[in-house]
Structure formats: structure tokens, C-alpha cells
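Which chain is which? The protein sequence lines are A and B, in order.
Just so we're aligned, residue 6 is where the first sequence starts under this note's numbering, counting upward by one.
Just so we're aligned, residue 765 is where the second sequence starts under this note's numbering, counting upward by one.
These aren't lab readings, by the way, just hints derived from the structure by calculation.
Careful, some of the hints might be misleading.
As the list claims (entries may be wrong) - 20 Å max Cα-Cα, derived SDA-like pairs, lysine to any residue:
#, chain 1, residue 1, chain 2, residue 2
1, A, Lys-49, A, Met-187
2, B, Lys-927, A, Ala-301
3, B, Lys-986, B, Leu-1197
4, A, Lys-118, B, Leu-1122
5, A, Lys-118, B, Leu-1197
6, B, Lys-1212, B, Ile-805
7, A, Lys-118, B, Ser-889
8, B, Lys-1212, B, Leu-808
9, B, Lys-927, A, Pro-296
10, A, Lys-118, B, Ile-1194
11, A, Lys-337, B, Phe-883
As the list claims (entries may be wrong) - In silico contact screen, one side only, chain B against chain A (beta carbon under 10 Å); selected entries:
#, residue
12, Leu-801
13, Ile-880
14, His-936
15, Tyr-1090
16, Ile-1184
17, Met-1203
All C-beta atoms, glycine included, are put in the ideal place defined by N, C-alpha and C.
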Amino acid sequence: MQAIVPYLPDLWLFLIGFFLLYYAITDGSDLGVGMISLFAHSEKERSMLIASVQSTWHGNQTWLVILGGMLFGAFPLFYAVLLSALYVPLVVMLIGLVFRGVAFEFRDHSENKRLWGLAFSVGSLIASLGQGFALGGLLGGLQVENSRFAGSILGWINPFSALICLGVLLGYVMLGSNYLIMKTEGDFQDRCYSHGFITSLVTAFISLVVHVVTVARYPHLMRKWVTYPDVLYTGFFPLLALIAFIMLLVSLKKRREVAPIIWNALIILFSFVGLSVGMYPNMIPNVASEPVTVTAAAASPSVLMFMLVVTGSLIPVILLYTAYQFWVFHGKVEEGSYDGGDE
Amino acid sequence: METLLTPVMLSRIQFAATAMFHIIWPVLTIGLSIFLLVMEILWLKTREDVYFRHFQFWSRLFLLNFTVGAVTGIPMEFQFGTNWSGFSLAGGDVLGHLLGFEGAMAFMLEATFLSIMMFGWKRVSPGMHLLATALVAFAGSLSAFWIMVANSWMHTPTGGFMKDGRFVITSHFQAIFNPDMPWGVSHMWVACLEISIFVVGGLSAWYMLRNRHTSFFLHSFKVAVLAAIVITPLQIWLGDGSGQSVFEYQPAKLAGIESHWHTNPPGEGAPWHILAWPDAAGQENAWAISIPNGLSLVTTRTLTGPVKGLADFPPGDRPPVVIPFYAFRIMIAIGFALFVLMLWTLWAWHKGRLTSDLVPGQRRLLQAWVIAIPLSYVAMQAGWVTREVGRQPWVLYNLVRTEESATSLAAGTVGSSLLIFSIVYTLLFILFLVFARRMVVRGPNIEKVRKQEYHPGIIS
Chain A
6 MQAIVPYLPD LWLFLIGFFL LYYAITDGSD LGVGMISLFA HSEKERSMLI
56 ASVQSTWHGN QTWLVILGGM LFGAFPLFYA VLLSALYVPL VVMLIGLVFR
106 GVAFEFRDHS ENKRLWGLAF SVGSLIASLG QGFALGGLLG GLQVENSRFA
156 GSILGWINPF SALICLGVLL GYVMLGSNYL IMKTEGDFQD RCYSHGFITS
206 LVTAFISLVV HVVTVARYPH LMRKWVTYPD VLYTGFFPLL ALIAFIMLLV
256 SLKKRREVAP IIWNALIILF SFVGLSVGMY PNMIPNVASE PVTVTAAAAS
306 PSVLMFMLVV TGSLIPVILL YTAYQFWVFH GKVEEGSYDG GDE
Chain B
765 METLLTPVML SRIQFAATAM FHIIWPVLTI GLSIFLLVME ILWLKTREDV
815 YFRHFQFWSR LFLLNFTVGA VTGIPMEFQF GTNWSGFSLA GGDVLGHLLG
865 FEGAMAFMLE ATFLSIMMFG WKRVSPGMHL LATALVAFAG SLSAFWIMVA
915 NSWMHTPTGG FMKDGRFVIT SHFQAIFNPD MPWGVSHMWV ACLEISIFVV
965 GGLSAWYMLR NRHTSFFLHS FKVAVLAAIV ITPLQIWLGD GSGQSVFEYQ
1015 PAKLAGIESH WHTNPPGEGA PWHILAWPDA AGQENAWAIS IPNGLSLVTT
1065 RTLTGPVKGL ADFPPGDRPP VVIPFYAFRI MIAIGFALFV LMLWTLWAWH
1115 KGRLTSDLVP GQRRLLQAWV IAIPLSYVAM QAGWVTREVG RQPWVLYNLV
1165 RTEESATSLA AGTVGSSLLI FSIVYTLLFI LFLVFARRMV VRGPNIEKVR
1215 KQEYHPGIIS
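So here's chain A without its partners, still in its complex pose (with noise of 0.2 Å):
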């Protein structure tokens, strides 16, 4: 076990990866599934995109509540410093949750269905919003003084990360339309399939064009981009997104049913390792100062060591069960299922 102990930090930079792409990934299908439902033509629409994701929401959100535990135990200075700083984008993601969480059940008890259904989407337009600007105030890099956020409480407010929201945004309804490809059938598919074409185009030009900005900010990235061999390892895995998105196009033409959300996930997979790879060793990137590594931003090896054996034995049985749960709700929404519940 000694052996290992170098590489804990880097075992748990991977194991929040994992928590981070599957709450980003499931959830964010969820989300999107929200702000499509603004869109909705009718509230009977409505309905069936709220029972599309009603049975597994909460399963894929807990992730986030890992992900903040285990950041927290893992990474307390990353923790530490990136939510202090993120407040503001971060409570808006909250309040947005709370709405998206609470509008299933209101909406089974109210009369007005259409006051909780716009909850329902304007909740997870909220919720992603906050995470984009999360992820962009972060990206954009954070200043650390003494352990502690030194920059301005809205630092996060800026160009870059508008565009990186906007990149989230168009992702996560990209990831929902796919979700919605596998759940739905008839009229709403065919517009699915249209729309996530077109969705999956513009998304992909912002990925790009995020991609590209962000590596033009940080001189380190952009040297890996420009020196041989880094430009391998930094190109193969956009290489792989690119690919994996050539094949969502491929299936969407195809009316493939659950191919699309499957590449669609490895897009997300390959751009995210993508650019860690780039920002590698750095945990928070900065422009102006000193950027804070993962091993700086660890916690100590005996922490690590604890947490990984605990943890490790606990993602098995935890995937096996969510997949179980996964396969009780597969198949198609079942009309009826979402007017009125059981009642």
C-alpha cells in the first residue's frame, strides 16, 4: 500500500473527475431536460418531459452531494477556496436546484401545474447557469493568498466564462435532447432529432472556441499544444471528442434510439480529460500569480489512504445499484405515468 502513496493525490484529482463528469453528465441531462421543457408546446408536454426524469433525478443530483463531501475531505484547500470565491454563482446554482427539486412533488399536489412546471424549468435554467459560471469563474483562474481567496467576490463575472457557460448551457440541452431521444417516441422524438442536430453543431463550435481560449490564456497549455511529443497526449483526447461527435451525428441521421446519449456522454468524457490534462498539475489555475497544485491541494496522504479504501469499495456498489435502478425505469415514458401519479 506504501507504494501508492505518491500517487494519492493524483488517484483523487481522478476519483472527483469521475464524481464531477457523472453528476455533469446525468444530472446535466436532467437539467437540460428542464430548460427544453421551457419550450414545451402544451402542459401535457410538459408533464411527460417532468416524468422522463422523475424517477432518477435524485439519484444523479446526490452525486453533486458526493462530489462536495468528498472535495471537501480530499482537496480542503481546493474546497476551501474555490466555493468562497464562487459564492455568488454557487448560491444562484442552490436556489435554481431547490426550485428543479421541489417542483416534481408541488406540482403532483397543486392545481396550478403551471406555476410548478415553469418552476420545474426555470429552476434547472437557474441551476445551470450557476454551474456554468462556476466552471467559467474557475477556469478563468482564482487568486490564492495564505491558503485563502484573495480575489474580487465577482471575479467570476467576465467574457471568458459567459462563454464557458454558454458552452455548459448548450451542453447540457444537448445531453437532454439525447436523453429525450431514448425516453420519448412519436412527434416529440422526430423534433429531438431534429433539434439536436442543430443543437449539436452550435455546441460543438462553442467547444471549440472554448477550447481554443482557454488554451490561448494559460502559456503552460499552450506549450503543450506547440511542443512534441505533448501535443499527443494533449491532442488525443479532442481527437477522441472529435470523433465521438462525428458518431452522434452519424447516429442522430440513423434515428438511432440510445446510441446519441452515449456518444454524447463521450464528448462530454473526452473534452473534460481533454482539458485536465492541459491544466495538469495545476488544481486552480491562475493568470496573475502562482497557480495551487493538486499535491498542494490535497489533504494529508493518511486521509487520502483512508478515504480511498472506504470510498473505492463503495463506487462498485454503488454503480451496480444505480444501474439496477437504471433498468427498473428503462424503456419509454408511459403515458399516464404523469398525470396524477398513482392517485
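Following the hints, put chain B in place on chain A, whose structure we already have.
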């Protein structure tokens, strides 16, 4: 009023509001899930419709309650970082992974199987459904365990030492099994059960008062009464144990809770104040109604045992007195009242008054059960206020001060988020009451259970 406007004070108020609002929901989730499990087992054993219908009725309330709990828990977890970054950094070695474990071991399990429990009746076999309900109940209590471990550790932070402003852990075992942990975990877990007992029993009483579905609700009422026989005295005993633990490990907190200013001289007992008004400047009570030797007796189990007074602690290390003193008394008064209510109900049962014909006539008794619903919540909140205000001025007892552990935010920033959270929480609370009331007024479905309502299982 100036102190109210400091960012640290605003962060404290925000955290207190978040925590006090959040805790309302999990307590019922934890106890009610066990009640649901009992109902489902009874249904599977007897196949009597009444248990299936009880499950259905209470699970709707459970889900509504759970939803508000889940969405208000996330802001709490994030506020450690947003508002208490100094504390997060200082205690991160211990607290972070405890919260992570709670999420990964318990909350995930609960959230996943909750959907099968609520929406899976027709999709999984009865055996699988029972397993789902059992896992939801188990996960709820496991959540409480990890959260209370984390909270207890803030009161008795053992298992390591402070170095450069950060707690360095040397023994995970000692950190988890810290001295306050057995009491913190058990007292709160039993509080969850006790509140749930009085919610189930109190709502059942509400229906019986109106003679609506009396025989239906007599079932749940009796289950609540039977559970109360064990739980109400147990909670008093655990409360006493918690007090002993505070006396041993947090003497300044104990002195604050009891408004006890001067260590009693040898041979003289310390009195227990039933009511008092502290005068902090004069280091004494302006007035007090006391039981002689009472405090020595409850803490040391002797009439004249020494109990250290507040004046023996440096002024900067003393907790506030008025709030924990009165909060504590509210809690114990309600705790004993609920115990008495249990005895009263047993008496009525013994006299044969708990039958569907006679019970609606037991108006005073049933009214007392209805009033017990809010009272049990008040007792729990008062207990938390005693526990956490009494911990001041420390965030990690005797190691890190609350003052030092806040994020340096502008008052305007914290003030705005506090305002937003307050509005949202108030709104959620009102909406919950409106919808819960609607559900209660509508009442249960007591029709015969049809075969299509659940999965036939392997047999058919």
C-alpha cells in the same frame, strides 16, 4: 445591534437558519421510513388491505417531506465552503470525508431506492420492494450516524492535533469514536424516532377527533403508542447521558447551559436553577428559582460534588448564557411532557378506551397528541440551539474559534444571500404546510386493494 451586521455574525445566522430549517425534514424521513417498513412487513405477512393503504398514505407525506429535506441539505453542505472556508481548511481532514461518506454510503442509497419504493410498486416484485423500503430506512439512519459523528467531533475533536492552523488526523478511529459520539448519535437518532411517533400518532389522533376513518387510524395510533412506551423514557435517559458527557468534556458549556457562575465550595452543593436571569457583567444571576444541590446531583450524582462555574473560565472562552439556558429548559420540559402523554395514553388503553367506538370521545387525550406534533419539533430545535450555541465561542471545541473560521466576505454579500435563503425557506415551509394539509384533509384511500396496484411477483 451592531454585532448583527458583521459578516461573521451574518454567516452564523445564515448557517443557523439553514441548519434549523434543514433538520426539520430528515427527522421525519428517518423515523417515518421505519414506520413504512413496519407497515409493509405487516402487509406482506397478513395481506390485510389496511397496511397497504397505510403505507400508501404515509409514503405520500414521506415523499413530500423528503423532497424538501433533500433540496435544503445541499445548501448546508456547500456553506461549509462558501461561508466557513477557514473552518473547512482547519477541520477538512476529518469533516470532509465524513460528509463524503454520508453521501456515498447513505444518501445515494436512500435517493436511489426511494424511487423504487415510491414509483416501483408495479415494476418490481413485492420482495424487491420490501428490500427497497428496508434500504431507504437503513440509509436514513446511516445518514444520521455520519452527520452526527461529524457534529460530535466538532464538540469533542479527538484523534489528532493542531498544526499550522489545520487539524492533522492521527487516528481515524478516535476521530469517529470521539467521546461525544455515542451520545450525539443516539440522542439525535432517538429524537428522529420520537418526533415521527408523535407525527404519526398526532395525525392519527386528528382524524379520530373528527371521527374520520377511526378504525383505520387506530392502527397507526396504537403503533405510535407502543413505540412511545420505549422511546419517550429512553430519550430522557439519553438526554441525561448527553448532559453527563457535556459536564465531563465541555465544562464551560455546561456552566453556560445551567447559568452556573461560581464553583461551589467544598461541602456545599451547586443548585439547579429552574428559571434564572444571568447578569454577565456582575458574573452572577440577577434572580433565580433554584433547587438546592440539584446541579451537583445531576452532574456528579452526589449532593455536594464540585461543578465548575463560568467565572472560572476566561471571559473570552465563555458561551452565551441566556439562549442555551432557556432552550435547554424548553427541551426538557417537552421531553417530560411527552413521557407523561405516553403514560396517560397507556392508562386510557388499560381502561379499554382505545376502541373505534370510544376513542373519538377521548377529546383531551387526542388533542394533546395533536399538540404534541409541533411540540416535539420545538424540543428538537431547542436541543440543537442548546448544543450549538453552548459550543460557542468555539467551532472546534477548544481548538478553533468561530470568529476565525469564517470566509472574509462583505456584509452585503452574506446579507443578500441570507435574505434570499430566508425568503426561499419561508416559502418552502408555507408551501409544504399547504400541500401537506391538503393531503391530510383529503385523507387516505381506503378502497379494497386491487391486484393491479402492485407487481404480482414470481408466483402468478
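Comparing the hints with the structure gives:
1. Proposed proximity of A:Lys-49 and A:Met-187 is supported: the alpha carbons are some 19 Å apart, at most 20 Å.
2. The suggested pairing of B:Lys-927 with A:Ala-301 holds, with an alpha-carbon distance near 16 Å, which does not exceed 20 Å.
3. Between B:Lys-986 and B:Leu-1197 the alpha-carbon distance is near 25 Å, which puts this suggested pair outside the 20 Å criterion.
4. Proposed proximity of A:Lys-118 and B:Leu-1122 is contradicted: the alpha carbons are some 42 Å apart, above 20 Å.
5. Distance check on the hinted pair: A:Lys-118 and B:Leu-1197 sit about 18 Å apart at the alpha-carbon level, within 20 Å; holds.
6. A C-alpha spacing of about 18 Å is found between B:Lys-1212 and B:Ile-805, which places the hinted pair at or below 20 Å, so the restraint holds.
7. Restraint check for A:Lys-118 and B:Ser-889: the C-alpha separation of about 32 Å exceeds 20 Å, so the hint is violated.
8. Annotation: proposed proximity of B:Lys-1212 to B:Leu-808 holds, straight-line Cα distance about 16 Å (limit 20 Å).
9. With a C-alpha separation of about 24 Å, the suggested pair B:Lys-927 and A:Pro-296 falls outside the 20 Å cut-off, and the hint is violated.
10. Restraint check for A:Lys-118 and B:Ile-1194: the C-alpha separation of about 18 Å stays at or below 20 Å, so the hint holds.
11. A hinted pair counts as satisfied when its Cα atoms are at most 20 Å apart, and A:Lys-337 with B:Phe-883 qualifies at roughly 15 Å.
12. The criterion of a C-beta within 10 Å of any C-beta in chain A is not met by B:Leu-801, whose closest approach is roughly 18 Å, and the hint is violated.
13. Against a cut-off of 10 Å between C-beta atoms, the interface hint on B:Ile-880 holds, since the closest Cβ of chain A lies about 6 Å away.
14. Checking B:His-936 against chain A by beta carbon gives a least distance of about 5 Å; that is within 10 Å, so the hint holds.
15. For B:Tyr-1090, the interface hint is violated, since its Cβ never comes within 10 Å of a Cβ in chain A; the closest pair sits about 32 Å apart.
16. Checking B:Ile-1184 against chain A: minimum C-beta separation of about 6 Å stays under 10 Å; hint holds.
17. Hint status for B:Met-1203: holds, given a least beta-carbon distance of 7 Å to chain A, under 10 Å.
Hint violations for this structure: numbers 3, 4, 7, 9, 12 and 15, all remaining hints satisfied.
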